[in-house]
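Asks: Model the full assembly from the supplied sequences, consistent with the hints where possible.
These protein sequence lines are chains A and B, in that order.
At position 261 of the first sequence the residue is numbered 261 (the numbering used here), and the sequence of numbers has no breaks.
At position 222 of the second sequence the residue is numbered 222 (the numbering used here), and the sequence of numbers has no breaks.
A hint or two may mislead.
Computed list of chain A residues with no C-beta within reach of chain B, every gap over 10 Å [said to hold, decoys possible]:
#, residue
1, F23
2, L97
3, V139
4, A165
5, R168
6, M182
7, L212
8, A231
9, W249
10, G263
According to the in silico footprint, chain A covers these stretches of chain B (three or more CB under 8 Å from chain A) [to be verified]:
#, stretch
11, 50-57
12, 112-119
Honestly, the hints are just simulated from the structure, not real lab data.
Being a predicted model, the structure only gives us computed values, none of them experimental.
Yeah, the Cβ is synthetic: ideal placement off N, Cα and C, and Gly gets one too.
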Amino acid sequence: MTDVTTPMMAARRRRVLPRPLIFGATILLASAVVAVFPAQVAPYDPNAFDYGALLQAPTSAHPMGTDNFGRDVLSRVLHAYTIDMQIAFFATVFPFLFGTVVGALVGYAGGWAEVIFGRIVDAVITFPFLVLVIAIVSVLGPGLVNMYIAVGVVGWVFYARIIAAEVRVQKRLDYADAGRAMGYTHARIIFVHLLPNAITPAIVYWMTDMALAILLGSSLGYLGLGAQPPAAEWGVQIADGKNFMATAWWISVFPGLAIVLTGLGFSLTGDGLAELLRTKR
Amino acid sequence: MTGEVLITAENVGKRFPLRQGVLHRLSGQPAPAVHALNGVSLEIRRGETLGIVGESGCGKSTLARCLVRLHDCDAGRIVFEGQDIALLQGKVRRAFNRRVQMIFQDPYSSLNPRMKVRGILGEALGVHKMRPAAGIPGRIEELLALVRLNPDAADRYPHEFSGGQRQRIGIARALAVEPEVLVADELVSALDVSVQAQVVNLLLDLQERLHLTVVFVAHDLRLVRHISHRVAVMYLGKVVEIGPTEALFSAPRHPYTRALLDAAPELDPARRSRKVAARGELPSPINLPQGCLFHTRCPHAFDRCRTERPELSPRGTGHLAACHLADFGKPETRT
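Replies: Structure (structure tokens):
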């Protein structure tokens, strides 16, 4: 009965970080630093007009060129990190938390709770997500906080659905019965035992959702329903540049690339977390 | 080894309803259900090992789960120290849970994969306040030693262990709360034969040292014969025969028990028989046969068996069988 440690077990225990996670987390960490200290990394004031340098192509003085007011596009892209990373986080964290708790309770309870929940899900997913959010924002009025509310009202459903499905599977396994046979409370079984085994897909979805939230925030900013000009926000910037696409492509293209890069960061992090948190049996 | 009666099952029934269509519901026919237990009656005595055997689907596991109240029974009752366990609530129920523990069949799903062994054992100790917080690490080490695992096992996850080791962790978890009764549901059927003996011997050893009462649910007749004081044979959710192990194995008093024993492969070719002791398939537990549940397969069935369901009646000291043929298998009349 000696417990032998094989090289494979040792390697498993060493917990090598998945490569996508390393790349993704590096991008996100850098983004977060820029978001917190935009003024320290940006070469110019994002809202300073320079009428001597209107619509300039990228140069060494302005690596991403200038827009129609002579504002430095690079500085505006960097400052936009503050708003866009905020959107990514705040538009998703409340749906994630609320959806997780509701999903865990619904999945565990089953029966009528599940039937009612299923109808709510149907009602929400009947409408295209963007249309529903735009409808809510138009009622509440444009602005970031109203956008968070609109996304939150709709978005929790997706998390709850993922978690409910996972908990429904987990609660039938013997370890859940072992908890019941021990006389543990339902709350302990749900939140200490089942949820840690059910939450991984929701965390992965959360990462993707943050990328989608940036797209959504930019879309709303573009439509004039999210961040308001002259605030530096990628969607607003793309909208600003749309009339100059033929002559000054850099005004829209660089914010677009920033969206792509950040989205990539979230997606890679999601993939990496999925691998890292995979349940070992 | 005949201690006082600790747990009594009285006519326990358990049904699992099936999904039914609207038309069926409107037709007014009884709702379809799997009849897992159909009036199980038995007694479990303090300090004994009671083996429960039967084919797959005979309700062994359901009975085990009812005994620890993972299922509530629909009919009859289970009495533990004079109290109907279905009525226990809150603190009293938790105390019952502590005293009657279960070990599960599947070593791969019975441990939370996200918890280290220390967490699994510590939680049981903490929730039932078995030790003050300071004493928990020491107790975890003791428990691991009890099931013959190294102390460094505490800081590992279940996936780092083999099936046999996991089953021992399951035993340690059950023992953490110092129970009086252990219900082992197919404890070793998922393990390799070489590991089975280890785990079973560990269980027997612990039973002796800790004065445990063990309900051993299994389909391996030889194993059950080897470790049990008494054996109950189940068929379609009913106990058809129960008695002291040797009496039951050497002179079975129910045709089904005989069939089970004859069906077990014999190593000695000279003793092999080609006689068919039970014909046909196990009937569906959704549509139970009328009369005796076994009459559809019994070579000795006669008219009365098709209409009247026999109850358990005495056949010798502590030996009961549910068969209309009171003399079946009686030593002197045995054919």
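Asks: Quick check: do three or more residues in the stretch 50-57 of chain B have a beta carbon closer than 8 Å to a beta carbon of chain A?
Replies: violated (count 0)
Asks: Closest CB-CB distance from V139 (chain A) to chain B, is it above 10 Å?
Replies: holds, 41 Å
Asks: Would you say the stretch 112-119 of chain B counts as covered by chain A, given the rule of at least 3 residues with C-beta under 8 Å?
Replies: holds (count 4)
Asks: Compute the least Cβ-Cβ separation between G263 (chain A) and chain B, then decide whether it is above 10 Å.
Replies: Label holds. Min Cβ-Cβ 30 Å, cutoff 10 Å.
Asks: Is A231 (chain A) truly not at the interface, in the sense that its beta carbon sits beyond 10 Å from all beta carbons of chain B?
Replies: The assertion about A231 (chain A) holds, with a minimum of 43 Å to chain B.
Asks: Evaluate the condition: distance from the CB of F23 (chain A) to the nearest CB of chain B exceeds 10 Å.
Replies: With a cut-off of 10 Å, F23 (chain A) remains clear of chain B, as the shortest Cβ separation is near 26 Å.
Asks: Would you check whether the claim that M182 (chain A) is not at the interface survives, using Cβ distances to chain B and the 10 Å cut-off?
Replies: For M182 (chain A), whose nearest Cβ neighbour in chain B is about 6 Å away, the distance does not exceed 10 Å, so it is violated.
Asks: Are all C-beta atoms of chain B more than 10 Å from that of L212 (chain A)?
Replies: holds, 28 Å
Asks: Hey, is R168 (chain A) genuinely clear of chain B, shortest beta carbon separation above 10 Å?
Replies: With a cut-off of 10 Å, R168 (chain A) remains clear of chain B, as the shortest Cβ separation is near 15 Å.
Asks: Just want to verify: W249 (chain A) was marked as not at the interface with chain B; is every Cβ pair farther apart than 10 Å?
Replies: Holds, because the least Cβ-Cβ distance between W249 (chain A) and chain B comes to about 50 Å, which exceeds 10 Å.
Asks: Please settle this one: A165 (chain A) was flagged as non-interface, so is its CB more than 10 Å from every CB on chain B?
Replies: It holds; A165 (chain A) is separated from chain B by about 18 Å at its closest Cβ, greater than 10 Å.
Asks: Hey, is L97 (chain A) genuinely clear of chain B, shortest beta carbon separation above 10 Å?
Replies: holds, 19 Å
Of the hints listed earlier, those the structure fails to meet are numbers 6 and 11, in rising order.
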